Amino acid sequence: MLSSTSLTKPQTLDSCKIQLTSPMLHIGSEVSKLSPFEYVATPKFVYQPNAEALARSLYKQGRLPDYLYAIAQQETILPILEQAFGENWWQAEDPNGQPIFPKVSRSLRWTDQPIVDLRPMIHNGLGQLYIPGSSIKGAIRTAIAYHLLKHGDRYGVPKESRVSEIEHQLRQKMGSLRQKAKFADDSLFMDQLFTDFDLIDPDQPFNPQNYRKGPNTDFMRAVQVTDTEPLLEEKVERRGRTFLWQSACCR
Numbered sequence: 001m002l003s004s005t006s007l008t009k010p011q012t013l014d015s016c017k018i019q020l021t022s023p024m025l026h027i028g029s030e031v032s033k034l035s036p037f038e039y040v041a042t043p044k045f046v047y048q049p050n051a052e053a054l055a056r057s058l059y060k061q062g063r064l065p066d067y068l069y070a071i072a073q074q075e076t077i078l079p080i081l082e083q084a085f086g087e088n089w090w091q092a093e094d095p096n097g098q099p100i101f102p103k104v105s106r107s108l109r110w111t112d113q114p115i116v117d118l119r120p121m122i123h124n125g126l127g128q129l130y131i132p133g134s135s136i137k138g139a140i141r142t143a144i145a146y147h148l149l150k151h152g153d154r155y156g157v158p159k160e161s162r163v164s165e166i167e168h169q170l171r172q173k174m175g176s177l178r179q180k181a182k183f184a185d186d187s188l189f190m191d192q193l194f195t196d197f198d199l200i201d202p203d204q205p206f207n208p209q210n211y212r213k214g215p216n217t218d219f220m221r222a223v224q225v226t227d228t229e230p231l232l233e234e235k236v237e238r239r240g241r242t243f244l245w246q247s248a249c250c251r
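Going by this note's numbering, the first residue of the sequence shown is number 1, and it counts up by one from there.
For the record, the hints were derived by calculation from the structure and aren't laboratory data.
Watch out, some of these pointers could steer you wrong.
Below, simulated BS3-like cross-link-like pairs (lysine-lysine); rule was C-alpha separation at most 25 angstroms, straight line [unchecked claim]:
(1) Lys17 / Lys137
(2) Lys150 / Lys103
(3) Lys33 / Lys17
(4) Lys60 / Lys103
(5) Lys103 / Lys44
(6) Lys44 / Lys33
Quick list of simulated restraints, FRET-style, between CB atoms [as the list claims (entries may be wrong)]:
(7) Ile122 / Ala55: 20 to 26 angstroms
(8) Phe219 / Leu126: 23 to 29 angstroms
(9) Glu75 / Pro43: 48 to 54 angstroms
(10) Arg141 / Leu64: 26 to 32 angstroms
All values derive from a computational prediction rather than experimental measurement.
All C-beta atoms in this analysis are idealised placements derived from N, C-alpha and C, irrespective of residue type, glycine included.
All chains, please: the whole structure from these sequences, using the hints.
Dropping the structure here:
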């Protein structure tokens, strides 16, 4: 029989319900930016059509050349939709009975300004919105870092990682950080707060040269967050008014 000296990870699971305190949330992008013909904005909603269903319907009506011309010119397709499907074009279905504008790809319009830059949230295979576990874990990491920096004296945060020193280094490096701003916080303070630890085997003599600090010494590796369940739209009554609400659960 073989004996194992490896550590056994405790299986501690917790299910959490995320409640947003902001009316808007954007996590991830399927594409960097949508072209004007890939979405249609109304005063209340922004619709993203099923491109295949839309093309089938326009082809049957002989309006496909107009649609292709709008694509080539990077123009809005709203006039074509109104001519082909009437005033309630968002309720139209293709010849196979599939909705051209599925509700799962519809979102509320939060601004009265013209929409010139639209990036859709990430969707699952069924077209439903969800929040990736990696994004939630990143938000948790940011919250921990904020708490540690805010209470540096209590937690013994090194002086070189205090807020005043971080601001000083940012001023010095601002010009050179433009091309790598996304990762600038790693060297400034995140690495020291999360990965500046030693992994020591009590049965082996400690040699600092044998241990490299990095992802393996990051204590957030002990936290695993799954993707949320789909963000399903619900109607909620609040003070006599009806609101659209989206909630999600994750582990």
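Evaluation of the provided hints:
Between the alpha carbons of Lys17 and Lys137 the distance comes to roughly 14 angstroms, so the proposed pair stays at or under 25 angstroms and holds. Distance hint between Lys150 and Lys103 is unfulfilled; the C-alpha atoms sit about 43 angstroms from each other, more than 25 angstroms. With a C-alpha separation of about 30 angstroms, the suggested pairing of Lys33 with Lys17 is violated against the 25 angstroms cut-off. Between Lys60 and Lys103 the alpha-carbon distance is near 23 angstroms, which keeps this suggested pair within the 25 angstroms criterion.
About 13 angstroms separates the Cα atoms of Lys103 and Lys44, which keeps this hinted pair within 25 angstroms; it holds. For the given pair, Lys44 sits about 21 angstroms from Lys33 by alpha-carbon distance, which is consistent with the 25 angstroms threshold. Here the CB-CB span from Ile122 to Ala55 is close to 24 angstroms, well matched to the stated 20 to 26 angstroms. With their beta carbons about 35 angstroms apart, Phe219 and Leu126 fall outside the hinted range of 23 to 29 angstroms.
As the Cβ distance of Glu75 to Pro43 is approximately 20 angstroms, the hint placing it in 48 to 54 angstroms is violated. Taking the beta carbon of each, Arg141 and Leu64 are about 49 angstroms apart, not inside 26 to 32 angstroms as hinted.
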